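So the chains spell out like this:
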Amino acid sequence: METSIWRALFYLVGIMAFAGLNAAYLGWCERKGAARIQRRIGPCEAGFAGLLQPLADGLKLMSKQLLVPQGVDGIIFRVAPVLAMIPAITSMVVIPFSGNIEARAMELSVLLLFALASLGMMAILLGGWASGNKYAIISSARAVSQNLAYEIPMLVTVITIVMISGSMNLREIALNQMGGFWHWNIFRLENGHFLTMWISFIIFFICSVAETNRAPFDMAEAESELVAGFMTEYGSMGFGLFMMGEYLNIVVGACLTTTLFLGGWDCPFGKTPGVWWFLIKIYMLIFTFIWIRWTYPRTQIYRLLNLSWKILIPFSLANLLITAALIKVF
Amino acid sequence: MTVPISLRHDETFVLNLGPQHPATHGVLRVILTLDGEYVVKAEPVLGYVHRMHEKLAEGGTFAQFMPNTARMDYLHALAFNHGWALVVEKAAGIEVPERAEYIRVITVELNRIASHLLWWAAFLLDLGGFTPLLYAFDDREKIIDLLERVTGSRLTYCYMRFGGVYNDIDDEFITGTRAFIKRLRSRMPRFYHDLVTHNIILIKRIKDIGIITPEQCRRYGATGPVARGSGISYDIRKNEPYSVYPEFDFDVPVFDECDSMARYMVRMHEMEQSLRIIEQALDKLPDGPVMGKAPKVLKPEAGYYYSAVETARGSLGYRLICDGGKNPYKLKLRSPTFSNLSLFGEVAEGMLLADALAFMGSLDLVIPEIDR
Amino acid sequence: MSGYWSDIFTGSKSLVTGLLITGREFFKPVVTEQYPYEVPTMTPLFRGHIELIGNEATGQPNCVVCGMCQRACPSTCISLDGKKAEGEGAKGKVLTSYVLDFTKCSLCGSCVESCNFNALRFSKEYNLASFDKNDFIMDLLKRLEDQNRCKQ
Numbered sequence: 027m028e029t030s031i032w033r034a035l036f037y038l039v040g041i042m043a044f045a046g047l048n049a050a051y052l053g054w055c056e057r058k059g060a061a062r063i064q065r066r067i068g069p070c071e072a073g074f075a076g077l078l079q080p081l082a083d084g085l086k087l088m089s090k091q092l093l094v095p096q097g098v099d100g101i102i103f104r105v106a107p108v109l110a111m112i113p114a115i116t117s118m119v120v121i122p123f124s125g126n127i128e129a130r131a132m133e134l135s136v137l138l139l140f141a142l143a144s145l146g147m148m149a150i151l152l153g154g155w156a157s158g159n160k161y162a163i164i165s166s167a168r169a170v171s172q173n174l175a176y177e178i179p180m181l182v183t184v185i186t187i188v189m190i191s192g193s194m195n196l197r198e199i200a201l202n203q204m205g206g207f208w209h210w211n212i213f214r215l216e217n218g219h220f221l222t223m224w225i226s227f228i229i230f231f232i233c234s235v236a237e238t239n240r241a242p243f244d245m246a247e248a249e250s251e252l253v254a255g256f257m258t259e260y261g262s263m264g265f266g267l268f269m270m271g272e273y274l275n276i277v278v279g280a281c282l283t284t285t286l287f288l289g290g291w292d293c294p295f296g297k298t299p300g301v302w303w304f305l306i307k308i309y310m311l312i313f314t315f316i317w318i319r320w321t322y323p324r325t326q327i328y329r330l331l332n333l334s335w336k337i338l339i340p341f342s343l344a345n346l347l348i349t350a351a352l353i354k355v356f
Numbered sequence: 002m003t004v005p006i007s008l009r010h011d012e013t014f015v016l017n018l019g020p021q022h023p024a025t026h027g028v029l030r031v032i033l034t035l036d037g038e039y040v041v042k043a044e045p046v047l048g049y050v051h052r053m054h055e056k057l058a059e060g061g062t063f064a065q066f067m068p069n070t071a072r073m074d075y076l077h078a079l080a081f082n083h084g085w086a087l088v089v090e091k092a093a094g095i096e097v098p099e100r101a102e103y104i105r106v107i108t109v110e111l112n113r114i115a116s117h118l119l120w121w122a123a124f125l126l127d128l129g130g131f132t133p134l135l136y137a138f139d140d141r142e143k144i145i146d147l148l149e150r151v152t153g154s155r156l157t158y159c160y161m162r163f164g165g166v167y168n169d170i171d172d173e174f175i176t177g178t179r180a181f182i183k184r185l186r187s188r189m190p191r192f193y194h195d196l197v198t199h200n201i202i203l204i205k206r207i208k209d210i211g212i213i214t215p216e217q218c219r220r221y222g223a224t225g226p227v228a229r230g231s232g233i234s235y236d237i238r239k240n241e242p243y244s245v246y247p248e249f250d251f252d253v254p255v256f257d258e259c260d261s262m263a264r265y266m267v268r269m270h271e272m273e274q275s276l277r278i279i280e281q282a283l284d285k286l287p288d289g290p291v292m293g294k295a296p297k298v299l300k301p302e303a304g305y306y307y308s309a310v311e312t313a314r315g316s317l318g319y320r321l322i323c324d325g326g327k328n329p330y331k332l333k334l335r336s337p338t339f340s341n342l343s344l345f346g347e348v349a350e351g352m353l354l355a356d357a358l359a360f361m362g363s364l365d366l367v368i369p370e371i372d373r
Numbered sequence: 185m186s187g188y189w190s191d192i193f194t195g196s197k198s199l200v201t202g203l204l205i206t207g208r209e210f211f212k213p214v215v216t217e218q219y220p221y222e223v224p225t226m227t228p229l230f231r232g233h234i235e236l237i238g239n240e241a242t243g244q245p246n247c248v249v250c251g252m253c254q255r256a257c258p259s260t261c262i263s264l265d266g267k268k269a270e271g272e273g274a275k276g277k278v279l280t281s282y283v284l285d286f287t288k289c290s291l292c293g294s295c296v297e298s299c300n301f302n303a304l305r306f307s308k309e310y311n312l313a314s315f316d317k318n319d320f321i322m323d324l325l326k327r328l329e330d331q332n333r334c335k336q
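Protein chains in written order, with the working numbering: chain A, 27 to 356; chain B, 2 to 373; chain C, 185 to 336.
A portion of the hints provided could be inaccurate.
To be verified - Computed Cβ-Cβ distance ranges for the label pairs, DEER-style:
no., chain 1, residue 1, chain 2, residue 2, range
1, A, T314, C, V223, 55 to 61 Å
2, A, L145, B, Y75, 36 to 42 Å
3, B, Y49, A, L305, 36 to 42 Å
4, C, N300, B, P290, 16 to 22 Å
5, B, P215, A, R329, 49 to 55 Å
6, B, D146, C, N311, 17 to 23 Å
7, C, E309, A, T314, 45 to 51 Å
8, C, E329, B, D288, 41 to 47 Å
Unchecked claim - To list a few chain C residues with every Cβ distance to chain B over 10 Å, as calculated:
no., residue
9, T194
10, Y219
11, L229
12, R231
13, G238
14, C250
15, G251
16, Q254
17, F315
18, N318
Just so you know, the hints here were simulated from the structure itself, not pulled from any lab data.
On a predicted model such as this, the values are computed, not experimentally measured, just so you know.
Backbone N, C-alpha and C define an ideal beta-carbon position, used for all residues, glycine too.
Just chain A, with the same shape it has in the complex (with noise of 0.2 Å):
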């Protein structure tokens, strides 16, 4: 890979132009398909079939007055919103587009996002702490439990991959798994991987769904019963930028799922790869993601981490387990 300037500058522009098309549109995907859902038409007025809706959105919460209550710590209040973007954003330079676009290849790729991953949390953290609300803090102490509860039966599922294919980097597992969707690690069909690979492809898909706070998951945001959550004294671009922090958690959740379990770049029959199929799984994934939102209701606190610890890490374990005795073997 050369270095040139141009390069840099290329994936600079491409990834923040990238991101935040997703960050604002995504709104719009979710209002429509919750619309549709629930057989009525969404945003419809603003544009061609609301389209100009999230311009108008983000017109609306820029032209608020950004508050800042008295007694909060200030700085970590200002912070906090633009901590929950940097952690997305930076994820998108490993992440391998296609063959060819890739902002960067590093060796131990899987473990860079789950980093920033946990940065990610511990801007909640921050600023559910720093707004000095008690329902703030109660809910970000409840999201921070939330998250490192499932972030173990994530880190154990990618454990499996990462034996399968031998290595940490992204485009190395992407590139083990070309050829055709048996080749996939969600099918697996050499070796016997196929028994236990869709347990795995589950149980990270619901911890992607938790670690993003999304429903029935969302217990940290939507108090619909109190009021809401960690973001509570957050203004107008705070707010906005926590959503749009959220909305870039699950695209980079769904790209990790893509490259994983779904084979990256590849097309189902092995013909002409390229970036086209990874955007159309990772936008699959993603209407998977609003497709739950819309269809569960919200889950209790104790029960969520009751199914973290009882139920999805006992079986990842016996995964990670089944699949070290089936590498040994065959």
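Dock chains B and C against chain A, hints included.
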């Protein structure tokens, strides 16, 4: 999940589940004393919507009170109309023709289904499921369109008169109602039971939450689905029958588990039983006038009169004191939700906050009815 | 412990069933009515605010100013006025003003029901929104005159 109070340490703070709610119950204020997330004490404060209906009744004639009855519980307004018509007809000795009685039963039961649909939608909204709201409202629109065809109003009906009903029903209403019964019966297993009732997240969320023992029900006078979910089989339509209910064959669902799931199932089954009643009423509908002989200016004999009806929330009682004049001397309503809500303070102790709110949703509160 | 496995299996099955139901609904047409592009028609018995019924031939209101509607109204929102009929052989009163205070009206129908002279009916107006309270103090005689003029 409840924890005995003695095990907790002493740091509590007071949270005001203020009169303005993101949830849909109405203007209710609950002063919660919380210890972390556990409710130590819950005290509902009422009176934010007190509009002095009972005093207003004394200022006008009997007929002039009819629109007020609909404003109290706007979700089951026809039952409130019905109760008022019954008590005044009892006082003045007015006969109601058969056709009018049947029409009253059909419209009241349709309204009961609409009320339970809205309860279901709001309950699930509280729990975080946004989509079932719209599926329930799809069905509720059909009911409201039918009732609009007959009464002219969509929510606050002023349809019943002393001696019958105001308008007659036509054939389009009958075919529309039969089509609606078929439609709801076909939609119930899929959209209501498969999507929600059997959903593991919902079951875990409301099973074993909010246990109300039958003894607590009796002490607070809880009626309706709240009592029937705790094993007390009491339904005014069966135990103190009024109107033409004895002619219909329907069951009163009673569940013994005493938790929120039992109350949920009682209401779902009640919807099915209401559909049965409407079907039988449409089959047996007699011809005839819809308005009996009633004097223009009512002057009932002095005395104490009481009549009770079964609304979607419980047993509603009207106690009327007449003194021989044109206006009522005193009117008192026994509001079902008031007694149901009184349970909240005792049962919510020791619950987690989110569970307490799910319990409140399962009680089916309509605050204007409490405050009158 | 026995609940563990059955929970997982029945739970997953219920979750997938739920997803399939909402997934199917995604592809079905919308059930909402797109107002203001699709305007609803009101049913015959719809209760809009009341209006005066005019005589078929003369266009004059049927009202004889008996005041029954004013007495029957629980909210005292009707105020009407009449003067003695002029001309030879003319009996009774003629309506000079009929004002409905719609801010107090509860659409109970007592006025329409109590009128023995077929002078009142419900209109089909549902599009009532305004920034000014005075728009709801309705002059029903003027409304009748406007309707007569439109009919010609």
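When you look at the beta carbon of C:F315, is every beta carbon of chain B farther off than 10 Å? It holds; C:F315 is separated from chain B by about 24 Å at its closest Cβ, greater than 10 Å.
Range first: 49 to 55 Å. Now tell me if the beta carbons of B:P215 and A:R329 are that far apart. Once the Cβ atoms are compared, 28 Å apart, the range 49 to 55 Å for A:R329 and B:P215 is violated.
Status of C:C250, Cβ more than 10 Å from any chain B Cβ: It holds; C:C250 is separated from chain B by about 13 Å at its closest Cβ, greater than 10 Å.
With 10 Å as the threshold, tell me whether C:T194 passes as away from chain B on beta-carbon distances. violated, 7 Å
Assuming the hint says 36 to 42 Å, is it satisfied by the Cβ distance from B:Y49 to A:L305 or not? violated, 53 Å
Look at the Cβ atoms of A:L145 and B:Y75 and judge whether their distance stays inside 36 to 42 Å. Roughly 50 Å apart at Cβ, these two residues miss the hinted range, so it is violated.
Is it true that the C-beta distance of C:E309 to A:T314 lies inside 45 to 51 Å, as the hint says? holds, 47 Å
10 Å cut-off, C-beta based - C:G251 kept clear of every residue in chain B: holds, 14 Å
C:R231 remote from chain B - nearest C-beta pair above 10 Å: violated, 4 Å
C:E329 versus B:D288 beta-carbon gap, inside 41 to 47 Å or not: holds, 42 Å
Range agreement (Cβ of C:N311 with Cβ of B:D146, hint 17 to 23 Å): holds, 18 Å
Non-interface claim for C:Q254, where every Cβ of chain B lies beyond 10 Å: At roughly 12 Å from the nearest Cβ of chain B, C:Q254 sits farther out than 10 Å, so the non-interface label holds.
Hints 1, 2, 3, 5, 9, 11, 12, counting from the list given before, are not met by this structure.
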